[in-house]
Amino acid sequence: MLGYIIRRAMFSLVTIFLVSILSFAIIQLPPGDYVDSYIAQLQATGTPVSEAEAENLRARYGLDEPFVVQYGLWMRQVLRGNLGTSMQWQRPVREVIGDRLALTVVVSLAALVFTWMIALPIGIFSAVRQYSIADYIATTIGFMGLAVPNFLFALVIMYIGWSVFGLNVGGLFSAEYELQGWSFGKFVNLLTHLPVPAIVLGTAATAQGIRVLRNNLLDELRKPYVVTARAKGLSETRLILKYPVRVALNPLASTIGYMLPFIVSGSVIVSIVLSLPTVGPVLLTSLVSQDMFLAGAIVLLLGVMTIIGTFLSDMILLLIDPRIRMEE
Amino acid sequence: MANEETPLLSVRDLQTHFYTDEGLVRAVDGVSFDIHRGKTLGIVGESGCGKSVTARSLMRIIDPPGRIIGGSILLRQERNDGSGQIDEIEIAELSDTGQDIRNIRGEVIGLVFQEPMTSFSPVHTIGNQIVEAIQLHRSMDDRQARERAVELLTMVGVSRPEERLDELPFQMSGGLRQRAMIAMALACEPDLLIADEPTTALDVTTQSQILELMQDLQEQTGMAIMLITHNLGVIAEMADDVVVMYLGQVVEKGTVDEIFYAPKHPYTKALLRSIPNIYQPSRVELPTITGSIPHPYNRPSGCPFHPRCPDYMPGTCDVDQPQTVTSKTGQEVRCFLYTEGAVRVDGSGNSEKEERQWSHTS
Amino acid sequence: MADKEDLSRKPDEPRDPDIARPEATVGAGADYNADTEAARQIGTEGSEAEDRVAVATQFQLMWWRFRRHRLAMIGGIVVLCFYMVVVFADFLAYTSPQASEAERSLMPPQRVYLFDDGSFNPHVFGLDSRRNPQTFQREYFANPDDKIELEFFAEGFEYNLLGFIPTNRHLIGTRDREIGESVFLLGTDVQGRDMWSRLMYATRISLTIGLIAVVISIILGVVMGGLSGFYGGWVDMVVQRVMELLYSIPTIPLWMGLAAAVPDHWSILRIYFAITLIIALIGWTELARVVRGRLLALREEDFVMAANLAGASQFRIIFVHLIPLVLSHIIAAISLALPAMIVAETSLSFLGLGLRPPAVSWGVLLQGAQNIQAVAITPWLLLPAIPVIVVILAFSFLGDGLRDAADPYGM
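Protein chains in written order, with the numbering used here: chain A, 1 to 328; chain B, 1 to 362; chain C, 1 to 411.
Below, a sample of chain A positions facing chain B; criterion: calculated Cβ distance under 7 angstroms:
| hint | residue |
| --- | --- |
| 1 | Lys-223 |
| 2 | Pro-224 |
| 3 | Tyr-225 |
| 4 | Val-227 |
| 5 | Thr-228 |
| 6 | Arg-230 |
| 7 | Ala-231 |
| 8 | Lys-232 |
| 9 | Gly-233 |
| 10 | Tyr-243 |
| 11 | Arg-246 |
| 12 | Val-247 |
Residues of chain B placed beyond 10 angstroms of chain A at every Cβ, according to the derived structure:
| hint | residue |
| --- | --- |
| 13 | Glu-22 |
| 14 | Leu-24 |
| 15 | Gly-70 |
| 16 | Ile-86 |
| 17 | Met-140 |
| 18 | Glu-147 |
| 19 | Glu-285 |
| 20 | Tyr-297 |
| 21 | Gln-323 |
| 22 | Gly-330 |
Hints in this document: simulated from the structure, not taken from any laboratory.
Since the model is a prediction, treat every value here as computed from it, not as a measurement.
Virtual Cβ for every residue (Gly too), placed ideally from N, Cα, C.
Hey, can you work out the whole structure from these sequences and the hints?
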């Protein structure tokens, strides 16, 4: 068991390391370097920069060094909690995305909760009543959920909200709370705004979850241990909940690991459409304006977040599957 | 089959069919037999002949698209109040999810089957699963049920039963698991134990241990055993009466001695011939049954065995289904070789001819 | 009861059942013996069907199973129709996708009347425009007096059919007027470009970008999955880690990051290939997973051992013996990967990071519907969402059916 935990932790660390390289590569990708953009930025605002100053800046950021050295310098800063400065906002990256990152986590978790709340009962029901009308409906909805890209779904929801209910369903707060500090009222306001993004984000994952659970369960329902349990005289409901569902949950729990990146990915693009105050819209604007330290930091943090989430889901799996616990 | 006592369970003309997309499969097509207390009924046949479906029909655990569409399964049970009164329950007519059938499962009929690897839930401990079987039919608290579980494991010869209870199935060997399975099936002292290929997945030594265990337990408890197997050796060792099935029908039925020493049906004879025999001259090809089992969707017309039968009579066997004929000793066979004027089940026909034809049986 | 002693002398009876016990397995000896009358009455139809199954190639088997899957058949037909649009986009369009005219900005779709006084005579009514004095928006009204008759296979702008047959015939045209100035079946966008014609060209771009990305993904997936699944060991370890890495990080930010780095000044074609490459680089993992999983299973089969013993090279075993067996699974995986690729392109272009105007793709078209005001006032700009959803659904059904059909042990 300890071996398993260590293995997963090691894997997570390696993945984080690789993600950091990818993020840094993204920072480095655009032609020219940080100082070029910085100078261009300053000149645009009317502040000329001398050649000496530019050299100075380059030296400070190690921009003349090879990739590996630059990466090392950047990582050292990142590990100290310094993600660099956003050119566009003229503020440290940490300040720009702090709150937004927290809200990204909130939105993603809400979507995950929604996914499970819907996928679990529907998946079980449609497996137990295979080929019933309800099963067909659930399967079709599942297909639709998977087929509609979630930014389109967001657009459609917005359109319906606006044309049918006259509501603007975007955002996470009402206008009066938007600029306020945290209060109980703001928290409640957040809760009332969460369902729409949670549904939009969670639908594809829910569809996936229903399919995975249904297929797992259909496999499990044919296993001899179900017949054994039935032959004991157990009632159908208790039997299905105690045995096959329990067994089918394991692979589903392990799919959290895959769902999380999926949801976080989706949150970026959905946030842009629904104008949610998460990191998504900032990532887009930073990429468009080549504010690379900001963009790199966001890619890095999103990656790290999902990897930690995946690690946690592995630990949940460890708790619920005795077979992994016993494994040496 | 000369048992005067009223049978524990009487199956008459049982029909279980599967309504699949590809067509109708008559998995069990008019099967009749009796099971007596304290006796072992062996059911033998090639895979796909409907043995397991018959067994599962008795417990009403046929998976869809299978359904019992006809016949009767009569269970006779002594009333609990000590009056000696016998209640008759028609299992075929119970709802397959209702309370009535659930009271029979586990309590009156226990089931052990082939795959000891997968018959236990992989994520629950053995103890959890046995205790559940006990508590379903006995009002015991957790401690009492656990004690009973230990008792059961001891009974089936599991060492260190206390520890075993907390183990997960994958931590045990196949033989141990099958013992635990038997313990679980016997948790509520059923009147009938259905053993569906209980030793097929085990190695030879473990096989004989498990069979001996079942015999011992039968002596102790006086339960009836319905033993399903394709292994004639197991039948020879265990069974009192034997039912030979082919494509969902009983082709021959008799005592174990009748089946082994005086088989009537060409199929039974062919089965027996295909057993390797140490008295046979060496380097001779083992006789086999010609052909293979027809696809279930393409049942042959007439007698289902005729395409493979060495005694096939064109114009008869491929046209009509033979009727079941019964000898004086009660051996039954379903074949045209014996129907010419023989005593029919319905009582018509000539008993004299039957006498002559069957004389060597006595 | 029979007398054991007496009967045991019969030679064809087992003397001691115990001796025979472990081996006496019914059916084990039941060989198929073709020369007997065995086949005689099994049912002629049945045996023919069995023979047919016995000699069918893997793809025939797959096709028979696939045919039974009705939704997958429909999906397949829909996909086929979409690719017909790809091939004949310029025939189906009636005006150049770039022809813009501020005067025609944001025209709503026209209603097509099929009958005129009871006879078949498809026509639309011309639109008169007027600026709303309050909102300054241009508003359009159908003018019943201005009947524009449509005709089929009419002449229009010049193009090369299938890329090499010069022609100017189009599916529809008008009898007496310049069609690009009078007919707007699906309305126009802000710059007054005809949505129908743009949609045709967008379909061509969006569906081919997915196709090319999938081809690159297959090559990557088959090579990586093939090496990983066949060699196992450390090769497998490395490939597995790379795949898990790509699985465990959010792909959209990664796509965005890479796509944003594509320089603006590149030509449409270069951007097109760059975006294709980015999508493929991230999307190959699923294909690799399928190939690897199947190869791991097949590697243990006897015929691989036989090939090894016969001295076949590893390369030959993988690519000559094993990959063909995995082919059906690869085809199924492709049809499931394609919609993901299409969505990726659409998403990136929608965000302005993928293809950029003047290229037209579904994502580029949907940019017009990016904000709530646009969607509320000009809902027809959301129309390109319909082909996206339909084609993805069709691919999903098709892929599901193919996957089921590809699995020889499937139900």
